[in-house]
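Peer 1: These are the residues of each chain, in order.
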Amino acid sequence: MTRPTDADNGPAVTSRRRFLRDGAVIGGAVVAGGLGAGEARAADADNLPPNVPEWMKTPGDATGSQLYGTPSPFEKNVVKNIPKNLKQYLSASGRTPLQDLDGIITPNGLFYERHHGGVPTIDPAQHRLMLHGLVDRPMIFTMDDLRRFPSESRIHFLECSGNPAYTKPFGKTASDLVGLLSCAEWTGVSLKLVLQEAGLQQAAKWVVAEGADAAALTRSVPIEKCLDDAMLVYSQNGERLRPQQGYPLRLLLPGFEGNMNVKWLRRLHVTAEPAYSREETSKYTDLMPDGTAREFTFTMETKSIITRPSGGQRLTAQGFHEISGIAWSGHGKIKRVDVSVDDGKSWQEAQLQEPILTRALTRFRLLWRWDGQPAVIQSRAIDETGYVQPTLAELLAVRGENSFYHNNAIWPWRIASDGEVTNAAA
Amino acid sequence: MPPLKIRVAVAALAVLTSVASARAQSAYGIGRAATPAEIAGWNIDIGRDGSGLPPGSGTVAHGREVFAQQCAACHGEKGEGGIGDKLAGGQGTIATAKPVRTVGSYWPYAPTLFDYIRRAMPQNAPQSLSNEDVYAVSAYVLNLNGLQSADATLDAKTLAAIKMPNRDKFVGDPRPDVKNPACTSGC
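From first to last, the protein sequence lines stand for chains S and W.
When the letters of the first sequence are read in order and numbered with this note's numbering, they come out as residues 1 to 426.
When the letters of the second sequence are read in order and numbered with this note's numbering, they come out as residues 1 to 187.
FYI, nobody ran anything at the bench for these hints, they're computed from the structure.
Here a beta-carbon is modelled for each residue, glycine too, at the ideal position from N, C-alpha and C.
Honestly, I wouldn't trust all of these hints.
[As the list claims (entries may be wrong)] Simulated restraints, written as ranges between beta carbons of each label pair: (1) Glu54/S <-> Cys187/W: 31 to 41 Å; (2) Pro181/W <-> Asn85/S: 39 to 49 Å; (3) Pro243/S <-> Gln91/W: 35 to 45 Å.
[Unchecked claim] Just some of the chain W residues that point at chain S, by a computed CB distance under 10 Å: (4) Gly29; (5) Pro36; (6) Glu38; (7) Ile46; (8) Gln70; (9) Ala72; (10) Cys74; (11) Ile83; (12) Trp107; (13) Tyr109; (14) Leu113; (15) Val171; (16) Pro181; (17) Cys183.
Sequences and hints are given; from them, build the entire structure.
Peer 2: Listed below in structure tokens is the structure:
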């Protein structure tokens, strides 16, 4: 996705093009892809020093003119990245524009979405959670009931397991590549507390979670995870879940593949063995070259990507640039991120931004002086277990090209001498 | 030394850690009991062994009719795929460079077919088919894959008895399976 730079008309475009052609240097490092449209129009001299800008000469919009605030109109192109020309849009996905975001929290409106039967509209007053199977007391909870339990809030990432595939065509932007990834502060109740209310029986080994969508999607979760950090979530970044994220209730399994974090959660079936549902046999299994397929591959392994500068953006000046990106691990905290600016020949340790939380995005940065020569930049994350993010070649050597899920490869960006950033592996 | 009974109880407590606390009496008294009728209405899970399959049956011939009306628009007349997944063929391709994953070539358990069709298909009207129709469509899809004869009738017992060709090809998660030495210079 690109910002409204060259698409805009007016003197800004002319002057920027002249600027690029002449190779002139204006003070400061600039990544064109990260510019807002307002900055792109900055050459409108009437609003620049020494003149007084027009927005200071008249009052602005009235207080409360937006009852639910929306971004500046100059940010109108920062939206979800929806693939074009899909065969259908009921079982499909939309991606977070990672290259346009800062920090570690994904705004709710830009959180990635993946649905299997569309997005249901559920009246919370008519929503129920049924808990049954190998429990002493089969139970039904209303949303009011669930909000009476002790609540907790935690920051965790969610990532689709197919993010991206192992074969070309690879995406042009960070969003195209790994945009089925987002991170939020989740609020809800510990699943363990709710299971306690029903009384788990000795034979309980799995919990099959079912959504109240048109796919009635089911995934099986090991009881160990259910009694560890699993949550029943009703809020995200302070407000109630969005419909696309499972309103009014979803399962959250920190670090586990997105599909298992069942949305619109209506039923928990405590069982002795997994359901072997369609979503955990014919899909979400990783096919190896020898014809075997890995099942129950839950954890999203350590991964990182540089989001700025990244594919679709352009460096417009030599000199200092901040290389910035995100790292995450389904196994815990990020311990270190290395960055290479010489096509992988050498690596240096990036600075990690606090907070560094378990199973959450961690922001990293490295100050870099671009000399105007072609370069390939990439990041490599290491988590607290010591696991190192692999290269695509290393993954392909073990898994072949058809395993589809859990590709956590290092992703290099190529910077051309004109500053254009593209996917170096595409 | 405490009496044997108490020592046994203490040992048992030590063994049952977090699982034990989840088995305690309800701590908050929140929620209400679910009735058997409520559970029966919502629990549509079918086990891989066929547990939970309802009474009733369906023939391949009837399945062909239902499939033509309800499924073929997305999956093709013979399950060749379209807007929806390809459902038939592909046997013998799974270990090749171009695997074709279908019900017949990839799915490990036949009862899952009933479970999935009933809960999620047809996509424009899930949970609208009768159990008889779901048995029939399951029979037809299995017939398209050469796993049921054209005159077959499927019910709970016969569906659970089918051994899918790819059943033994699923393995556990061996990760971490890839090791990056994390070279820092002269790489």
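Peer 1: Return the numbers of the hints above that this structure violates; sort them in rising order.
Peer 2: 1, 8 and 9
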